[in-house]
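These protein sequences, in sequence, are chains A and B. Taking the working numbering, I'd label the letters of the first sequence as residues 5 to 255. Taking the working numbering, I'd label the letters of the second sequence as residues 23 to 307.
Worth flagging that the hints you see were computed from the coordinates, not collected in a lab. A couple of the hints might just be wrong.
[Stated by the list, open to error] Result set (EDC-like, lysine to aspartate or glutamate): computed pairs, CA atoms no more than 20 angstroms apart in a straight line:
(1) A:K148 with B:D193
(2) B:K53 with B:D285
(3) A:K148 with A:D176
(4) B:K109 with B:D205
(5) A:K157 with B:D108
(6) A:K157 with B:D193
(7) A:K229 with A:E25
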Amino acid sequence: MEHLLEIDAISKHFGGLKALENVSFTMDRGEILGLIGPNGAGKTTLFNLITGRYPVTSGTIRYNGKDLSGMGPSQVAAMGIGRTFQIVRPFAGLTVITNVMIALGVSHYAGFWNSVSRYRTPASLKAARKILARVGIAGYAQQKSENLPLGLKKHLEIARALALRPSLILLDEPAGGLRKEEMDRLIGLVREINGEGTSVLVIEHNMPVVMQLCKRIVVLDHGTKIAEGPPEAIRNNRQVVEAYLGRTGDA
Amino acid sequence: MLAQQIVNGITIGSIYALIALGLTMVYGVLKILHIAHAGVYAMGAYLGLWAYCMVPNLFVAMIVAMTLSGVAGTLIERLLYKSMLDKSRIVPLIASIGLFIAMEEAFRLIAGPYVRAFPAHFRQKPWIFGPVRISAPQMLVFGVTLALLALLWWVLTRTRMGKALRAVSMDREMAEALGVATDRIISLSFFISSALAGAAGVLVGIFYNSVYPTMGDIPAYKALAIIVLGGLGSIPGTIFGAFLVGISETFLIGFVNIPLPRDALAFIVMIAVLMFRPYGLFGKE
Numbered sequence: 005m006e007h008l009l010e011i012d013a014i015s016k017h018f019g020g021l022k023a024l025e026n027v028s029f030t031m032d033r034g035e036i037l038g039l040i041g042p043n044g045a046g047k048t049t050l051f052n053l054i055t056g057r058y059p060v061t062s063g064t065i066r067y068n069g070k071d072l073s074g075m076g077p078s079q080v081a082a083m084g085i086g087r088t089f090q091i092v093r094p095f096a097g098l099t100v101i102t103n104v105m106i107a108l109g110v111s112h113y114a115g116f117w118n119s120v121s122r123y124r125t126p127a128s129l130k131a132a133r134k135i136l137a138r139v140g141i142a143g144y145a146q147q148k149s150e151n152l153p154l155g156l157k158k159h160l161e162i163a164r165a166l167a168l169r170p171s172l173i174l175l176d177e178p179a180g181g182l183r184k185e186e187m188d189r190l191i192g193l194v195r196e197i198n199g200e201g202t203s204v205l206v207i208e209h210n211m212p213v214v215m216q217l218c219k220r221i222v223v224l225d226h227g228t229k230i231a232e233g234p235p236e237a238i239r240n241n242r243q244v245v246e247a248y249l250g251r252t253g254d255a
Numbered sequence: 023m024l025a026q027q028i029v030n031g032i033t034i035g036s037i038y039a040l041i042a043l044g045l046t047m048v049y050g051v052l053k054i055l056h057i058a059h060a061g062v063y064a065m066g067a068y069l070g071l072w073a074y075c076m077v078p079n080l081f082v083a084m085i086v087a088m089t090l091s092g093v094a095g096t097l098i099e100r101l102l103y104k105s106m107l108d109k110s111r112i113v114p115l116i117a118s119i120g121l122f123i124a125m126e127e128a129f130r131l132i133a134g135p136y137v138r139a140f141p142a143h144f145r146q147k148p149w150i151f152g153p154v155r156i157s158a159p160q161m162l163v164f165g166v167t168l169a170l171l172a173l174l175w176w177v178l179t180r181t182r183m184g185k186a187l188r189a190v191s192m193d194r195e196m197a198e199a200l201g202v203a204t205d206r207i208i209s210l211s212f213f214i215s216s217a218l219a220g221a222a223g224v225l226v227g228i229f230y231n232s233v234y235p236t237m238g239d240i241p242a243y244k245a246l247a248i249i250v251l252g253g254l255g256s257i258p259g260t261i262f263g264a265f266l267v268g269i270s271e272t273f274l275i276g277f278v279n280i281p282l283p284r285d286a287l288a289f290i291v292m293i294a295v296l297m298f299r300p301y302g303l304f305g306k307e
């Protein structure tokens with residue numbers, strides 16, 4: 005069976021800086037895959053390559069067997085890859101439900117007549133409400149998005165990504181800055197979404213969260229993959245420990 | 023006298039609004055100051071005049087001028103700005119000024135350096151309400167601007183394109199990640215804003231009965247003053263600023279004998295606003 009996502013020997017150089025060098029891994033349908041590594045390891049760069057923000061320097065990325073090279077972010081989104089960003093950025097000034105409705109329009113921005121048609125239709129309102137209910141913020145639909153507390157803003161980010169009807173979502177540090185209860189709710193939500201068939205690729209610094217969510221983890225350091233495997237193996241991997249804590253004296 | 027001045031001020035203000043709105047929309051999506059917008063405005067006046075000489079029907083002239091100006095604006099975005107977006111913001115600004123000058127010279131070469139009259143004749147008698155007199159060209163300006171502003175408001179607030187445009191202005195990267203085809207939305211916003219500028223050009227040509235190569239000079243910097251006044255990128259701010267400047271200019275000429283040209287007023291107000299609210303009247307801090 006072909007993989008959902010295949011990262012095949014990709015490199016990304018910014019001038020002389022090698023942000024990623026020959027990284028390969030695959031992701032299967034229904035999986036929650038963790039992506040960890042110290043700051044500057046190239047995790048967010050990898051997200052930006054998958055979503056078409058930057059072109060790869062070499063290598064290929066295949067999604068459902070299709071080569072993503074040459075596609076822009078909106079095309080990748082339309083293919084069913086949703087993403088959230090490290091820093092939550094709702095469209096301020098717009099209500100929570102409108103934020104979701106913008107992402108719901110994905111199939112409509114293509115043609116001229118479609119894009120000048122009304123965005124607020126009974127069908128789109130219903131779809132948006134359903135997604136808000138799905139992530140547990142239906143009660144905030146008419147609030148201005150910037151007024152939500154951080155924890156709920158993260159739920160809104162996930163709601164917007166879900167509006168693309170994705171089969172894969174990329175989460176960039178979903179638990180960052182959250183309190184314990186907020187974090188638990190978020191973990192529960194990610195698990196539920198995954199249970200409904202959406203695969204999840206997650207960057208996370210909070211190790212307990214990664215260990216709880218993922219059955220498999222890929223570790224990047226200085227742009228290269230240094231380890232891949234189940235959480236227990238990663239925890240005891242010497243190279244990984246050194247990447248995080250620095251090399252201890254070879255005694 | 024007072025009521026008449028207000029009517030005249032609103033006429034001028036609504037024309038300013040048509041020009042400045044396009045500028046503010048373009049600033050919103052690309053964060054560049056599109057000086058050549060005033061060139062599109064003058065081009066619209068010439069196109070309207072040309073179409074009117076072919077088919078003496080104002081409606082046809084307006085549609086032709088708006089469509090072709092819209093296409094010209096889209097081409098400017100595609101051919102000029104698109105390749106410059108990742109450069110420093112001074113680069114598209116200078117390119118824009120250069121294009122504006124080139125357009126004015128092109129009008130001079132093609133249509134001649136003299137002022138051309140707009141041979142539109144109105145059989146409609148002026149409307150007279152007590153002391154207020156509204157001439158036929160004024161009615162045309164009101165009718166067309168109100169219709170266009172209403173249409174624009176509908177597009178911006180009710181359609182997918184409007185929401186997408188707002189999303190792109192706020193956070194382009196995020197809008198793209200949510201599947202908004204930003205390239206198309208940007209081109210469409212250039213088309214709409216240039217069509218509005220073209221319409222303004224035709225209206226001014228008819229209202230002052232003159233079309234000439236450098237007619238975009240004053241609108242170029244006055245529209246800039248208006249959008250700074252209203253808060254860069256803010257659409258309600260721009261409309262408010264346009265009417266404020268239009269009405270105050272008319273009052274300045276009508277009542278106060280200030281030894282300054284009327285065109286200086288927009289800048290005096292702009293300087294005052296920048297001193298106390300550098301983000302503009304409707305802008306966010």
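Straight-line alpha-carbon gap A:K148 to A:D176, limit 20 angstroms: violated, 23 angstroms
Between the alpha carbons of A:K229 and A:E25, is the straight-line distance 20 angstroms or under? The hint holds at about 8 angstroms.
Sort out whether B:D108 lies within 20 angstroms of A:K157, counting only the CA atoms. violated, 30 angstroms
Within a Cα-Cα threshold of 20 angstroms, do A:K157 and B:D193 meet the stated pairing? Cα-Cα ~16 angstroms, so holds.
Does B:D205 lie within 20 angstroms of B:K109 when you go C-alpha to C-alpha? holds, 17 angstroms
What's the verdict on A:K148 and B:D193, does the C-alpha distance respect the 20 angstroms limit or exceed it? The given pair, whose Cα atoms are some 16 angstroms apart, holds under the 20 angstroms limit.
20 angstroms Cα cutoff - pair B:K53, B:D285: violated, 26 angstroms
When held up to the earlier numbered hints, the structure conflicts with 2, 3 and 5 and fits the remainder.
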